[in-house]
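> Residue numbering for the sequence shown follows the working numbering, beginning at 178 and increasing consecutively.
Everything labelled a hint here was simulated from the structure, so no lab data went into it. In this text, a Cβ means the ideal position worked out from N, Cα and C, and glycines have one as well. Treat each hint with caution, since some may be false.
Beta-carbon label-pair distances, calculated as ranges [as the list claims (entries may be wrong)]:
1. Gly507 to Leu614: 26 to 34 Å
2. Arg222 to Leu633: 28 to 36 Å
3. Arg508 to Glu581: 47 to 55 Å
Once the Cα atoms are required to be at most 25 Å apart in a straight line, the calculated BS3-like pairs of lysine-lysine come out as [unchecked claim]:
4. Lys325 to Lys458
5. Lys554 to Lys570
6. Lys626 to Lys564
7. Lys559 to Lys458
8. Lys626 to Lys612
9. Lys622 to Lys598
10. Lys325 to Lys598
11. Lys554 to Lys564
12. Lys325 to Lys616
13. Lys626 to Lys458
14. Lys622 to Lys612
15. Lys458 to Lys554
16. Lys603 to Lys458
17. Lys612 to Lys598
18. Lys603 to Lys626
19. Lys616 to Lys627
20. Lys626 to Lys605
21. Lys605 to Lys627
22. Lys605 to Lys616
23. Lys559 to Lys570
24. Lys603 to Lys622
25. Lys536 to Lys622
26. Lys570 to Lys325
27. Lys458 to Lys598
28. Lys570 to Lys458
29. Lys521 to Lys603
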Amino acid sequence: MGSMEEEEAVAEVCGLCLAVPSRYTCSRCNVRFCSLPCYRGARHRSCSEAFYRRAVLEELRRRCPYTDATMRDILLRDWQSRATPGPEKWLSGSQEEEECPLEPEQSGGLDVPGGERQLWARLTPREKEEFQRLLRSGRIGALVPEWKPWWMIHEAAQLVQEEGINGVRGPASPGGESRPEDGEEERKHERVAAAQGKATRKAEHQGTSSEIALTHQKRRGEPHKGTSGVTEITGSLLQAKENMPPIPATIPRLSTLTQTPSPLVPFSVVNVLYAYTFSLKLYNGDLSEDLMLQEFCETVLGVSGVLNSRQIFSSTAEAMQAGVQAVLAGRYTSDPEGPSEAMKSVAHVLMGENKASQKNYTLAALSHLAGLLRNAKKLVEKECKKKLFEAQKKCEFLLAWANEHEDTLMLLAVEAQMEFKIHRDKLKEIEVITKELEKVWGSKKPPEKKVLIQELD
Numbered sequence: 178m179g180s181m182e183e184e185e186a187v188a189e190v191c192g193l194c195l196a197v198p199s200r201y202t203c204s205r206c207n208v209r210f211c212s213l214p215c216y217r218g219a220r221h222r223s224c225s226e227a228f229y230r231r232a233v234l235e236e237l238r239r240r241c242p243y244t245d246a247t248m249r250d251i252l253l254r255d256w257q258s259r260a261t262p263g264p265e266k267w268l269s270g271s272q273e274e275e276e277c278p279l280e281p282e283q284s285g286g287l288d289v290p291g292g293e294r295q296l297w298a299r300l301t302p303r304e305k306e307e308f309q310r311l312l313r314s315g316r317i318g319a320l321v322p323e324w325k326p327w328w329m330i331h332e333a334a335q336l337v338q339e340e341g342i343n344g345v346r347g348p349a350s351p352g353g354e355s356r357p358e359d360g361e362e363e364r365k366h367e368r369v370a371a372a373q374g375k376a377t378r379k380a381e382h383q384g385t386s387s388e389i390a391l392t393h394q395k396r397r398g399e400p401h402k403g404t405s406g407v408t409e410i411t412g413s414l415l416q417a418k419e420n421m422p423p424i425p426a427t428i429p430r431l432s433t434l435t436q437t438p439s440p441l442v443p444f445s446v447v448n449v450l451y452a453y454t455f456s457l458k459l460y461n462g463d464l465s466e467d468l469m470l471q472e473f474c475e476t477v478l479g480v481s482g483v484l485n486s487r488q489i490f491s492s493t494a495e496a497m498q499a500g501v502q503a504v505l506a507g508r509y510t511s512d513p514e515g516p517s518e519a520m521k522s523v524a525h526v527l528m529g530e531n532k533a534s535q536k537n538y539t540l541a542a543l544s545h546l547a548g549l550l551r552n553a554k555k556l557v558e559k560e561c562k563k564k565l566f567e568a569q570k571k572c573e574f575l576l577a578w579a580n581e582h583e584d585t586l587m588l589l590a591v592e593a594q595m596e597f598k599i600h601r602d603k604l605k606e607i608e609v610i611t612k613e614l615e616k617v618w619g620s621k622k623p624p625e626k627k628v629l630i631q632e633l634d
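Please work from the sequences and hints to get the whole structure.
Okay, structure coming up:
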């Protein structure tokens, strides 16, 4: 009996570092691992490099759909620039290389199937060497396009966070009702409205100034500087907007789910949105494979105390800080800015696209998460289905609440943005103190303690 328990305990340990409990399973070799550093480490390098190779080659093939004639012209031009002997010999050699399977030594010990094999064969030795160098250095991930979150698009009046809203911090009124004893909610509404008007005037002024500058440049025949960058950013954001999840046509009334919702429900929404935005950005918005969907839902449940353990929060700050601590404790990411960026994403979701449809982003996020949990439930074993089902129902309840409390979402957005700024300022202070200490120490570690008083015999 004891040996079986020991085997189960060993099975839960990371199969790469053998030090901490495992959280993930590699889709290629099925080894259990605990974090991204272990996944990229030396003991798993051959498998992780294969994953990155496939992702990059697929992206290259998508960006550069060369035909045979196009590739032949490229090779001819390359031969002419190198002045190598005989284009016929060059091309015939390339074709033979495409038809012959790559040996393990040629492919760096990695499996390059089908179309990837042909694309790999078309690379020159120098390009292959550069590719292998990127794999070894870990910088190959920079070639994979970064996913643009759909919640980053707002109209000018919604860019409240850019104006740095100041004022007294405090939890939003859960039911969207005013508090006559201190009038705090009325003052919050006034600050939000003032900031919205200021943002609108600033955006209109910037837009008019840009148009005037562009007109003068056209008259002088000068090229417009910076337009390409703005166009590229705008295009990527518009493309991200097209990826916004659909909102259900019918959402049940909150009264059919509960008669008296808790006044702490708004903070549950904040905590769930934090887990959703962090996890979706962690997986670069790609949940096309069943394994990635399962790992995404596992991450969401690990980050959100509301969905995993029915945790209750009494403020926006508490709900977001709980998510930050869960991310750090679970070592979900090696990006030091990942936890704080998720805080900013929560504010973007709560803010909505515009004032007329402010709740749409929150509804889209909650309905999307509920659907993902529903789909993941079909892929997991029986003992895991119950937890996913409960999390799905919790999201559907929060969806019904958000649909009827749109006025509270802006207050939550302001508080989320203020909490993000406070958290960011604390990180900057810690960074300054750390640099000062390292300067005093002369290294990144403090010097060893010396014995000040030693007892003599």
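> With reference to the structure, classify each hint as holding or not holding.
Results for each hint:
Checking the proposed 26 to 34 Å range against Gly507 and Leu614 shows it holds: the Cβ atoms sit about 27 Å from each other. A beta carbon spacing of about 55 Å between Arg222 and Leu633 contradicts the range 28 to 36 Å that was offered as a hint. Hint check: Arg508 to Glu581, Cβ distance near 38 Å, so the stated range 47 to 55 Å is violated. Our distance criterion of 25 Å between C-alpha atoms is met by Lys325 and Lys458, whose separation comes to about 9 Å.
Between Lys554 and Lys570, the direct Cα distance comes to roughly 12 Å. Compliance with the 25 Å bound is thereby established for this hinted pair. Distance check on the hinted pair: Lys626 and Lys564 sit about 49 Å apart at the alpha-carbon level, beyond 25 Å; violated. Taken as a hint, the Lys559 and Lys458 pair is broken in the structure, with Cα atoms around 28 Å apart against an allowance of 25 Å. The straight-line distance between the Cα atoms of Lys626 and Lys612 is roughly 20 Å, inside the 25 Å bound, and the hint therefore holds.
Proximity of Lys622 to Lys598 is assessed by CA-CA distance (about 29 Å); at most 25 Å being required, the pair is judged violated. Note on Lys325 and Lys598: the hinted pairing holds, with a Cα-Cα distance of about 22 Å set against a maximum of 25 Å. At most 25 Å may separate the alpha-carbon atoms for a hinted pair to count; Lys554 and Lys564 meet this at roughly 9 Å. For the hint pairing Lys325 with Lys616, the CA-to-CA distance comes to about 38 Å; that exceeds 25 Å, so the pair is violated.
Restraint check for Lys626 and Lys458: the C-alpha separation of about 43 Å exceeds 25 Å, so the hint is violated. Proposed proximity of Lys622 and Lys612 is supported: the alpha carbons are some 11 Å apart, at most 25 Å. With a C-alpha separation of about 21 Å, the suggested pairing of Lys458 with Lys554 holds against the 25 Å cut-off. Under the criterion of a C-alpha separation no larger than 25 Å, the hint pairing Lys603 with Lys458 is consistent with the structure, at around 23 Å.
For the hint pairing Lys612 with Lys598, the CA-to-CA distance comes to about 21 Å; that is within 25 Å, so the pair holds. A threshold of 25 Å between alpha carbons decides the hint, and for Lys603 with Lys626 the separation of about 29 Å lies outside it, so the pair is violated. Taking the CA atoms of Lys616 and Lys627, the gap is about 19 Å. The hint holds against a cut of 25 Å. Among the hinted pairs, Lys626 with Lys605 is inconsistent with the structure: their alpha-carbon atoms are about 28 Å apart, more than 25 Å.
Proposed proximity of Lys605 and Lys627 is contradicted: the alpha carbons are some 31 Å apart, above 25 Å. Note on Lys605 and Lys616: the hinted pairing holds, with a Cα-Cα distance of about 17 Å set against a maximum of 25 Å. Restraint check for Lys559 and Lys570: satisfied, since their Cα atoms lie roughly 17 Å apart, inside the 25 Å limit. Proximity of Lys603 to Lys622 is assessed by CA-CA distance (about 21 Å); at most 25 Å being required, the pair is judged to hold.
Taken as a hint, the Lys536 and Lys622 pair is broken in the structure, with Cα atoms around 48 Å apart against an allowance of 25 Å. Annotation: proposed proximity of Lys570 to Lys325 is violated, straight-line Cα distance about 28 Å (limit 25 Å). Under the criterion of a C-alpha separation no larger than 25 Å, the hint pairing Lys458 with Lys598 is consistent with the structure, at around 20 Å. Under the criterion of a C-alpha separation no larger than 25 Å, the hint pairing Lys570 with Lys458 is consistent with the structure, at around 23 Å.
Among the hinted pairs, Lys521 with Lys603 is consistent with the structure: their alpha-carbon atoms are about 15 Å apart, no more than 25 Å.
The structure fails hints 2, 3, 6, 7, 9, 12, 13, 18, 20, 21, 25, 26 (numbered hints given earlier, in ascending order).
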